[in-house]
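**Student:** These are the residues of each chain, in order.
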Amino acid sequence: MMQFMLLFSRQGKLRLQKWYVPLSDKEKKKITRELVQTVLARKPKMCSFLEWRDLKIVYKRYASLYFCCAIEDQDNELITLEIIHRYVELLDKYFGSVCELDIIFNFEKAYFILDEFLLGGEAQETSKKNVLKAIEQADLLQEDAKEAETPRSVLEEIGLT
Amino acid sequence: MPAVSKGDGMRGLAVFISDIRNCKSKEAEVKRINKELANIRSKFKGDKALDGYSKKKYVCKLLFIFLLGHDIDFGHMEAVNLLSSNKYTEKQIGYLFISVLVNSNSDLIRLINNAIRNDLASRNPTFMNLALHCIANVGSREMAEAFVSEIPRILVAGDTMDSVKQSAALCLLRLNRTCPDLVPMGEWTARVVHLLNDQHLGVVTAATSLIATLAQKSPDDFKTSVSLAVARLSRIVTSAAIDLQDYTYYFVAAPWLSVKLLRLLQCYPPPEDAALRSRLTECLETILSKAQEPPKSKKVQHSNAKNAVLFEAITLIIHHDNEPNLLVRACNQLGQFLQHRETNLRYLALESMCTLASSEFSHEAVKTHIETVINALKTERDVSVRQRAVDLLYAMCDRSNAKQIVAEMLSYLETADYSIREEIVLKVAILAEKYAVDYTWYVDTILNLIRIAGDYVSEEVWYRVIQIVINRDDVQGYAAKTVFEALQAPACHENLVKVGGYILGEFGNLIAGDPRSSPLVQFSLLHSKFHLCSVPTRALLLSAYIKFINLFPEVKGTIQDVLRSDSQLRNADVELQQRAVEYLRLSCIASTDILATVLEEMPPFPEKESSILAKLKKKKGSSKLPDLNDARRNINGSTNHTEDTETAEKVSTHSFTDKLNVNSTPSTGASLLVDVFSDVSNTPAPNDVSEEHFLRFVCKNNGVIFENQLLQIGLKSEYRQNLGRMYVFYGNKTSTQFLSFSSSVSSNDLLQTQLNIHTKTVDPVIDGGAQVQQILNIECLSDFSDAPVLHIQFRYGGALQNIAVKLPVMLNKFFQPTEMTSQDFFQRWKQLGAPQQEVQKIFKAQHQMDSDVAKAKLLGFGVALLDGVDPNPANFVGAGIIHSKTTQVGCLIRLEPNTQAQMYRLTLRTSKDSVSQRLCELLSEQF
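In order, the protein sequences belong to chains A and B.
Numbering (UniProt numbering) for the first sequence: 1 to 161.
Numbering (UniProt numbering) for the second sequence: 1 to 927.
Keep in mind that the hints were calculated from the coordinates and are not lab data.
There could be a bad hint or two in this list.
Claimed, not checked - Calculated cross-link-like contacts (lysine to aspartate or glutamate; reagent style EDC-like; alpha-carbon spacing at most 16 Å):
1. A/Lys26 - B/Glu691
2. A/Lys29 - B/Asp71
3. A/Lys43 - B/Asp19
4. A/Lys93 - B/Asp473
5. A/Lys13 - B/Glu29
6. B/Lys299 - A/Asp54
7. A/Lys45 - B/Asp382
8. B/Lys31 - B/Asp19
9. B/Lys618 - A/Asp54
10. A/Lys129 - B/Asp246
11. B/Lys217 - B/Glu707
12. B/Lys223 - B/Glu187
13. B/Lys617 - B/Glu494
14. A/Lys128 - A/Asp92
15. A/Lys45 - B/Glu380
16. A/Lys28 - B/Glu351
17. A/Lys26 - B/Asp73
18. A/Lys60 - B/Glu459
19. B/Lys830 - B/Glu459
20. A/Lys128 - B/Asp246
21. A/Lys129 - B/Asp162
22. A/Lys43 - B/Glu187
23. A/Lys43 - B/Glu342
24. B/Lys529 - B/Glu459
25. A/Lys45 - B/Asp246
26. B/Lys830 - B/Asp246
27. B/Lys618 - B/Glu494
28. B/Lys529 - B/Asp474
29. B/Lys806 - B/Glu707
30. A/Lys133 - B/Asp246
31. A/Lys30 - B/Asp382
32. B/Lys617 - A/Asp54
33. B/Lys87 - A/Glu100
34. B/Lys841 - B/Glu779
35. B/Lys855 - B/Asp824
36. B/Lys434 - B/Asp398
37. A/Lys133 - B/Asp162
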């Protein structure tokens, strides 16, 4: 089972974190700091896997973003690498050529997509079509809801109220 | 800002994020965030009711601030309002907030659970999914208790939508991980197994994960899944890639599902049914053959997915370990990967081969790759790959190649990364010992280790070399000669000085015939290192010197001069000073005969498992724990085994003195106390029983149980099954004799039927400063909860002294640790499910919560710690059997620390309620 997934930038900024095991906030921060440091220190041609505490870390870099998963001893490294890739594909398809900014500004979407794809640390739905269908349906519901709402003032829209 | 128009953009949120990104400094960012937090707080507190949109926007902002790494302690109420809303868009954000910022406030949880319950009952699949995702994301015990019976129903109901089934399956999986005791097995299990036949591959994937986990817990309930899994796998591996449509990933048919099915099959032994077995073998052969086919795509995703399945298949083959043909094929395949240009594949091949090396069928096949692996050690640029190569060399080592492998590891050690040096040192030491045919090679190897990587040579390693040299007289002369030569080096590692000092002290006489290593030369050589060494090493050298006095009378004068010098006799360090004083005195007053007896050669050490091996196991966190007797002794006993034994041997008249400090002068208040004590009546009243230190002995066997101005009582005990032996040491702290000394053990009526204690009598006189020993033999007849009392009576200066001490003979002393797989553990845990068999206690931590300390205590308590059983690595799970003459009681323990709350929850399940109760009482006082 995957224990957690972290997305962080080359500068070490955390962009997304998903924890599938209960840990305290302090512990989460400590783990994040340690792993970001370890992974960023590795050279490009190095192996994508490393042992860390009693877990296996699987990571891959896409453009400016690192995707880093922690799996348990008996889990399969290569399939985890492809879990990362499939998630990237999903983001890419949804945002249309995804970049780091998309994930910063639409972090909630990145979470929703991840929840459709992985649940409780296991793959829930590996079909790209099915995941995107679920997300798009949800988006449709949002559109409906939005139309039903009353238009709000410009001032409020830009966050000045 | 990116041009995303999907869904509803919340402009206020986007503006805020931009603001944060534009902040030039950390301070500016914090300032902006604090401003926003104040704004949100006032909005939430304001009189004007917020509409859904605003609430959603502010909650999103809080979430963003939290994800930046700031603490958020409010907004939960608003989030709960959102998730109770009927608008999807609000509900979704509400759930997200709650999932990310889990809060254990119970009122809040109740509200959340209500909302979830409504959504689960809504029959709206999108709402149901949100609710299930939330349960799976939070996965707390409260949620498990609330929904664990509902979810299986949703999972197997005929009218549940596919996507809901998928969420329900994984949700249940998550709850089973957090609270395995709560997930009930029932008639639904059979229907879950049938999900393996489902049309929808997404449902099958999710269900397989669930079944693979539950099958570990109760294999019998899911036995039927084996044939279904084989059938499904067979259909996948033989399908044309295109058949599975969107479940085909870069020309590989359903790789995720295949991996999971292979994983599920690893929960079971090879199928007994011949047809099924040959079908599975066919599948595995097909997977192996496909690895040889030319790739259908050049993309790395294709090869990764394909090889993911291949590696999982190889893991299953190794797990079954019954098809020599498949094992050898797997080994050959991995051999090809060893030279693959993809670093990832080389890494995995090395890792996988490690397990293959342990199978008798493939061990030889693995060995043929030795040159490639050695080459990897030299040329791989990535330390994690080199580490795997070291592991594999270690795994493939046997008598035939040990010399080569040890030599390669030693030469690698010179340049090895600091992070893995200690481990390599341990491995070399173990291999050298295990495969040594002639022990001169062993001694050379260890001395080389110290030379090359002295700083990484742990105590265990050099203790071990000494144990071996002492136990084998054929190597002693060689060892003495070799250390003598090694010590000639101008700069040698302190560990070498330790080994050298010890060995020359014992066996220097074997090389003293050669004028180049005459006694005086040996002594001067050792003493030339003395001033550069730390206190423990100096202490050891002093012991070597006194041994020299016995071995070589001709250097007695020289050594006495050294001992007499101010830097020794007045050394600021108590230990060094004491040794110098005692040794000097001993050398002056004792006759040659006495010296020869006191300073006799060390007797052979008892053969037991190498402590190095134990250390390596601990380091690797492997599931197999070191021999528990060993570990237990290490926890409570001396950390400095060889040295303590040495001291004990040498100063045999006060065998226990150093530990108990009997020599320390009694304080001046003694006479006052004597008067008080003399008033005590002859028969000790029960309320005078000292139990001050009683609880300290729950997790250890040795130490001081009682001490006053006159007397110190030390204990050493050992237990095996239902028998125990306790050595009681009475140390007279005064300079006056104790007369009419007697001691006896009493038990109450009930305890007498449960515990048999046989006491040997002691000498009625204890001289001032002396120590006597008494042996108690203990037999446990049945489980018990009281403790026997030790009564001591003696005359000191005419006054009669009465002392009563509660003896730490507790039920847990009769534990035998039991190793078991997580499968067995959960099966037994379930069997012991009756309410009276379980005892649970939640208590506040009395000491600092340190996981290593807790681990040591549990080991000392007597159970085997089982790694990898509890899904939460912070928890401890242990198992053991209490032995009594009449019965054996199996016992399972779970200890869950909560560092935030500084609390523990301890759960015990045993087949006997009185045992559960007593063990819980004992253990819960320890943390």
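**Student:** All hints, please: hold or fail.
**Tutor:** Hints and how they fare:
1. With a C-alpha separation of about 40 Å, the suggested pairing of A/Lys26 with B/Glu691 is violated against the 16 Å cut-off.
2. Straight-line distance between C-alpha atoms of A/Lys29 and B/Asp71 comes to about 11 Å, which keeps the hinted pair within the 16 Å bound.
3. Between A/Lys43 and B/Asp19 the CA atoms are separated by roughly 34 Å; this puts the pair beyond 16 Å, and the hint is violated.
4. With a C-alpha separation of about 74 Å, the suggested pair A/Lys93 and B/Asp473 falls outside the 16 Å cut-off, and the hint is violated.
5. Taken as a hint, the A/Lys13 and B/Glu29 pair is honoured in the structure, with Cα atoms around 14 Å apart against an allowance of 16 Å.
6. Note on B/Lys299 and A/Asp54: the hinted pairing is violated, with a Cα-Cα distance of about 31 Å set against a maximum of 16 Å.
7. Between A/Lys45 and B/Asp382 the alpha-carbon distance is near 8 Å, which keeps this suggested pair within the 16 Å criterion.
8. A distance of roughly 11 Å separates the Cα atoms of B/Lys31 and B/Asp19; the hinted pair therefore holds under the 16 Å criterion.
9. Using a Cα cut-off of 16 Å, the hinted pair B/Lys618 and A/Asp54 holds, with the two alpha carbons roughly 12 Å apart.
10. Between A/Lys129 and B/Asp246, the direct Cα distance comes to roughly 7 Å. Compliance with the 16 Å bound is thereby established for this hinted pair.
11. Only pairs whose Cα atoms come within 16 Å are accepted, and B/Lys217 paired with B/Glu707 is rejected, the gap being roughly 50 Å.
12. In summary, the hint linking B/Lys223 to B/Glu187 is supported, as the alpha carbons are separated by about 14 Å, within the 16 Å threshold.
13. Taken as a hint, the B/Lys617 and B/Glu494 pair is broken in the structure, with Cα atoms around 26 Å apart against an allowance of 16 Å.
14. A C-alpha spacing of about 11 Å is found between A/Lys128 and A/Asp92, which places the hinted pair at or below 16 Å, so the restraint holds.
15. Pair hint A/Lys45 plus B/Glu380 holds up; C-alpha atoms about 11 Å apart against a cutoff of 16 Å.
16. A distance of roughly 28 Å separates the Cα atoms of A/Lys28 and B/Glu351; the hinted pair therefore is violated under the 16 Å criterion.
17. Of the supplied pair hints, the one linking A/Lys26 and B/Asp73 holds, its CA atoms being roughly 14 Å apart against a limit of 16 Å.
18. A distance of roughly 40 Å separates the Cα atoms of A/Lys60 and B/Glu459; the hinted pair therefore is violated under the 16 Å criterion.
19. Of the pairs offered as hints, the one joining B/Lys830 and B/Glu459 is violated, with about 43 Å between alpha carbons and a cut-off of 16 Å exceeded.
20. Taking the CA atoms of A/Lys128 and B/Asp246, the gap is near 7 Å; set against the 16 Å cutoff, the hint holds.
21. For a cut-off of 16 Å, the pair hint linking A/Lys129 to B/Asp162 stands: about 14 Å separates their Cα positions.
22. Taken as a hint, the A/Lys43 and B/Glu187 pair is broken in the structure, with Cα atoms around 53 Å apart against an allowance of 16 Å.
23. Annotation: proposed proximity of A/Lys43 to B/Glu342 holds, straight-line Cα distance about 15 Å (limit 16 Å).
24. Restraint check for B/Lys529 and B/Glu459: not satisfied, since their Cα atoms lie roughly 19 Å apart, outside the 16 Å limit.
25. With a CA separation close to 31 Å, the supplied pair A/Lys45 and B/Asp246 exceeds the 16 Å bound.
26. Straight-line distance between C-alpha atoms of B/Lys830 and B/Asp246 comes to about 40 Å, which puts the hinted pair past the 16 Å bound.
27. For a cut-off of 16 Å, the pair hint linking B/Lys618 to B/Glu494 is broken: about 25 Å separates their Cα positions.
28. For the proposed pair B/Lys529 and B/Asp474, the alpha carbon gap of about 28 Å is over 16 Å, so the pair is violated.
29. Restraint check for B/Lys806 and B/Glu707: the C-alpha separation of about 13 Å stays at or below 16 Å, so the hint holds.
30. Note on A/Lys133 and B/Asp246: the hinted pairing holds, with a Cα-Cα distance of about 13 Å set against a maximum of 16 Å.
31. Distance restraint check for A/Lys30 and B/Asp382: the Cα-Cα separation of roughly 25 Å exceeds the 16 Å cut-off, and the hinted pair is therefore not satisfied.
32. For the suggested pair B/Lys617 and A/Asp54, the alpha carbons sit about 13 Å apart, so the restraint of at most 16 Å is met.
33. Proposed proximity of B/Lys87 and A/Glu100 is contradicted: the alpha carbons are some 29 Å apart, above 16 Å.
34. Straight-line distance between C-alpha atoms of B/Lys841 and B/Glu779 comes to about 29 Å, which puts the hinted pair past the 16 Å bound.
35. For the given pair, B/Lys855 sits about 21 Å from B/Asp824 by alpha-carbon distance, which is inconsistent with the 16 Å threshold.
36. Between B/Lys434 and B/Asp398 the alpha-carbon distance is near 9 Å, which keeps this suggested pair within the 16 Å criterion.
37. For the given pair, A/Lys133 sits about 13 Å from B/Asp162 by alpha-carbon distance, which is consistent with the 16 Å threshold.
The earlier numbered hints that this structure contradicts are 1, 3, 4, 6, 11, 13, 16, 18, 19, 22, 24, 25, 26, 27, 28, 31, 33, 34 and 35.
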